[in-house]
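Undergrad: Letter by letter, the chains look like this.
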Amino acid sequence: MVCPDIGWVYSLSLLSLGVTAMVVGLAYALGQVLNNPQFNVWAKTEIYQVFVSFFIVILVLFVHDSFCSFRYSDLAGLAGGGQEYAHPEIGADDNMMDSAGKYLANVGHFIKTEMRAARALYGVAEEASRYSRTPCMPAITFCLYGTSGYSVRPYQGLSSWVQVLGTSLYTDTASYLTVLIQMALLAFISGGGIMAYLPFAIIIRSLPMMRQFGGGLLAICIALFIIYPALLVAESLFWNPYNMLGDAGWGTLVDAADGISRGFQYVPPLEAGGALALAMTLASALSVVDIAAAIGVAASAGIVSLAVMIHGLTDVWTLSELEKAVGISMQAASISFLSATFLFSLNIIAIGASARELGRLLGQEVDLSRLMQVI
Amino acid sequence: MRRMPFALLALLFLIPASFSDGPLYMTGCCPDEALGAGAAPDQVIAYASQRLDVCNPDGTARISCVVEETMHGGTGCCLPYGGLDTDGDRIEYARANPGDCGTWPYDPVITPCTVERPGGDIMPGSETPAPTRTPGPPPPDWVPIALLAALTGLGVLMIFYLLSYLVDAEHMRAMATSEMWQVFITAVMIAGFVGADAFAGEVVAPAFGEAFLPPGEESMKHTEYAVIFTEEMADYQWGMLKDFTNKVVVPMGSLSALNGNCWLFGVAFSFSGCSSINVPFSSASLAARTMSVAVLALNSQLVLLKVASGFFFPVLLPIGLFLRTFHVTRGTGGFLIAFAISFYFVYPLGVLITQGFYDSVGVGEPEFPDINAVTAAESWAVETMVSTFDVPAECDPFKTYDYPETDEFEGYGYTQKQINRLLKEELVDRLLYIFMIGGVFTPALNVLIALSVIRPLARVFGTEVDVSALARIS
Chain A
0 MVCPDIGWVY SLSLLSLGVT AMVVGLAYAL GQVLNNPQFN VWAKTEIYQV
50 FVSFFIVILV LFVHDSFCSF RYSDLAGLAG GGQEYAHPEI GADDNMMDSA
100 GKYLANVGHF IKTEMRAARA LYGVAEEASR YSRTPCMPAI TFCLYGTSGY
150 SVRPYQGLSS WVQVLGTSLY TDTASYLTVL IQMALLAFIS GGGIMAYLPF
200 AIIIRSLPMM RQFGGGLLAI CIALFIIYPA LLVAESLFWN PYNMLGDAGW
250 GTLVDAADGI SRGFQYVPPL EAGGALALAM TLASALSVVD IAAAIGVAAS
300 AGIVSLAVMI HGLTDVWTLS ELEKAVGISM QAASISFLSA TFLFSLNIIA
350 IGASARELGR LLGQEVDLSR LMQVI
Chain B
0 MRRMPFALLA LLFLIPASFS DGPLYMTGCC PDEALGAGAA PDQVIAYASQ
50 RLDVCNPDGT ARISCVVEET MHGGTGCCLP YGGLDTDGDR IEYARANPGD
100 CGTWPYDPVI TPCTVERPGG DIMPGSETPA PTRTPGPPPP DWVPIALLAA
150 LTGLGVLMIF YLLSYLVDAE HMRAMATSEM WQVFITAVMI AGFVGADAFA
200 GEVVAPAFGE AFLPPGEESM KHTEYAVIFT EEMADYQWGM LKDFTNKVVV
250 PMGSLSALNG NCWLFGVAFS FSGCSSINVP FSSASLAART MSVAVLALNS
300 QLVLLKVASG FFFPVLLPIG LFLRTFHVTR GTGGFLIAFA ISFYFVYPLG
350 VLITQGFYDS VGVGEPEFPD INAVTAAESW AVETMVSTFD VPAECDPFKT
400 YDYPETDEFE GYGYTQKQIN RLLKEELVDR LLYIFMIGGV FTPALNVLIA
450 LSVIRPLARV FGTEVDVSAL ARIS
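In the order they appear, the protein sequences are chains A and B. Using numbering that gives the first Met the number 0, the first residue of the first sequence is number 0, and each one after it goes up by one. Using numbering that gives the first Met the number 0, the first residue of the second sequence is number 0, and each one after it goes up by one.
Simulated from the structure, these hints should not be mistaken for laboratory data. Don't take each hint at face value.
Computed list of lysine-lysine pairs in DSSO-like fashion (alpha-carbon distance at most 30 Å, straight line) [to be verified]:
| hint | chain 1 | residue 1 | chain 2 | residue 2 |
| --- | --- | --- | --- | --- |
| 1 | B | K398 | B | K220 |
| 2 | B | K423 | B | K398 |
| 3 | B | K246 | A | K323 |
| 4 | B | K246 | B | K423 |
| 5 | A | K43 | A | K323 |
| 6 | B | K398 | A | K323 |
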């Protein structure tokens with residue numbers, strides 16, 4: 000987020016001032032020629048308002064330039080230390096625009112990590128819920144006559160977690176889109192394009208019956224260009240979603256987000272080990288029948304799942320780990336919603352209220368006649 | 000949990016002080032009921048039926064607390080390094096015997112039990128209930144910021160006043176003079192807010208939650224009480240949700256998925272005698288999803304409380320006080336003040352009051368049924384080699400008719416049995432109250448109360464702003 004070069008706005012504002020002053024001057028001259036006092040009164044009023052508009056615009060541009068000069072470390076000092084961010088890091092020398100952008104990036108990173116975690120856990124729960132075991136019965140037939148017996152999906156109930164995580168994912172998606180919208184809005188604002196309305200407002204504010212509209216334009220520019228970034232910086236100084244979740248919770252969330260390829264511990268180690276040990280015990284006898292019995296027992300115990308599990312013994316989800324991660328994910332989903340949607344709504348309300356108040360103020364005649372006389 | 004005796008709670012806070020003479024890297028998470036009244040360090044403990052997670056933030060100490068009625072079978076709370084079981088026999092727990100602690104049959108996770116002092120000594124520590132959440136940095140003090148805002152407003156007005164002499168503008172002088180009264184009113188407001196903050200923290204909040212005062216603390220802010228209440232409630236509901244999932248939804252799903260196959264020389268039959276259990280299973284699954292919404296709502300309430308104390312009051316209130324000093328921005332300032340007051344005072348106090356209403360109804364612990372379902376840990380050992388098609392569960396897919404049972408559900412089939420379990424009032428009524436009232440209704444009520452106060456307060460302080468958008472989000 001680089002502070003834009005708004006020198007052209009200064010130039011355009013001067014041009015607007017000149018053009019408007021010329022128009023007012025022409026109206027005054029016309030009033031004199033036609034001996035129409037209304038033209039004269041209007042011209043005398045508007046010449047002051049033109050300079051007032053110009054002064055307001057210069058003030059807005061000056062405040063914006065100062066945003067590019069204030070350092071985040073200075074503001075953090077006022078706020079008792081501020082917050083630490085790492086995704087990306089908000090440097091001590093970052094100006095207000097950069098700080099606001101990086102704050103949004105941090106919130107976006109948080110939400111995206113939560114989305115990835117919810118997606119990974121969704122997959123694990125879905126996969127676990129579909130796990131099915133079909134032992135041959137009776138096992139002594141060694142499935143020679145087909146897979147007769149019963150099949151079971153012992154974790155089918157985890158499909159409820161799938162629904163829960165689906166709800167989290169839905170909330171996270173809305174939150175993430177909100178953050179992206181905010182980042183786009185901030186980029187649009189900091190790009191400086193909106194400043195083009197300012198010189199326009201100088202002219203419009205002095206046209207007949209257009210003062211309120213011109214004042215409204217000024218108010219919108221002030222609210223978006225100054226108040227919105229200031230609100231974001233203020234939030235960054237006092238609110239950190241990572242601190243809400245805590246280091247342990249964040250670590251769990253990151254592990255879950257990176258664990259999309261991890262499997263699930265379908266057969267607990269002890270049970271699988273016990274079955275294998277039993278099979279080996281049976282196989283210690285040398286007769287063919289005994290060996291066949293060992294194979295049958297091992298097959299009944301789920302030797303395939305055992306092999307799969309041994310392959311991923313150290314990197315599979317257990318049920319308790321999955322539950323804990325789901326709990327952390329739900330906390331993160333709430334934090335994401337508050338950080339992105341609620342605070343954004345608050346910002347919009349504040350901007351709207353400010354724009355309305357400022358519009359009322361700027362849409363009226365500013366009476367600084369004495370000051371203008373001195374100048 | 001809600002009816003735990005406060006004396007017991009106070010006692011368990013005394014236990015670490017009674018025999019520990021140094022800080023413990025303790026992250027135990029045993030529930031309060033895990034400690035019996037008068038429990039000494041080597042005494043065994045009564046347990047509550049609640050499972051908690053392992054807490055291990057820094058790796059130097061760990062307590063696993065999975066709790067059930069007995070140490071033998073099921074789950075047990077791991078006493079750190081020694082204790083007595085219910086029969087008075089010595090039980091040794093340590094890093095050397097991790098197998099003594101565990102949870103079965105659903106998840107035989109072995110978790111070691113160790114408690115270490117900072118110096119590395121192993122000692123029988125106490126199961127001081129430590130928070131399962133990271134406390135986070137304390138909220139900034141709002142008073143200096145508010146005073147700074149008021150002084151800044153005064154400074155600006157003084158500049159205007161001096162400028163009025165420079166430009167000889169009488170009306171400017173009059174404006175500055177009249178606005179200085181607003182600075183005085185702002186100072187009075189700050190004094191009022193300080194008093195209200197103290198009143199809320201010292202008088203109102205302790206009336207609701209004095210027993211939750213952490214050890215060593217003499218007082219807490221009302222927002223901290225509300226945060227603790229909400230954290231406890233959220234953790235409690237999360238535990239209930241996990242129990243409901245592990246004890247009802249998962250086994251019921253397993254039962255409903257039982258399928259029988261019979262294959263003989265190319266002729267095959269498939270039996271789905273238990274498929275009708277999908278009816279109660281889908282209801283249970285939907286109930287779990289609804290419970291998760293309640294947990295999300297409570298977590299959101301928790302976050303909002305922390306945002307209110309950490310951002311709204313320290314930031315929005317001073318900005319509002321500053322803006323209110325000037326006539327042209329009085330409306331905006333009034334709105335910000337109203338918003339900050341509403342979420343700093345009204346919202347936490349609302350949380351405490353509605354929690355009191357919730358606690359006043361004596362709802363017991365939900366009684367989860369014991370569903371005999373086939374699990375992944377089922378041992379299909381030698382005896383099944385020659386057995387018939389016996390299914391080790393309370394539903395047999397090969398029996399495609401809904402046969403009557405002879406137990407307490409006499410006259411009902413296996414599907415109706417599950418339905419009756421799900422609808423048992425000791426389960427469903429209590430869960431409904433815990434989640435729908437405690438988790439959905441009260442958080443929504445708290446937010447609506449806070450938002451409804453903003454409008455009249457904003458009128459008092461100078462403007463009227465439409466906050467219906469926020470109400471719709473809530």
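Undergrad: Each hint: holds or not?
TA: Evaluation of the provided hints:
| no. | hint | verdict |
| --- | --- | --- |
| 1 | B:K398 x B:K220 | violated (62 Å) |
| 2 | B:K423 x B:K398 | holds (26 Å) |
| 3 | B:K246 x A:K323 | holds (16 Å) |
| 4 | B:K246 x B:K423 | holds (14 Å) |
| 5 | A:K43 x A:K323 | violated (73 Å) |
| 6 | B:K398 x A:K323 | violated (38 Å) |
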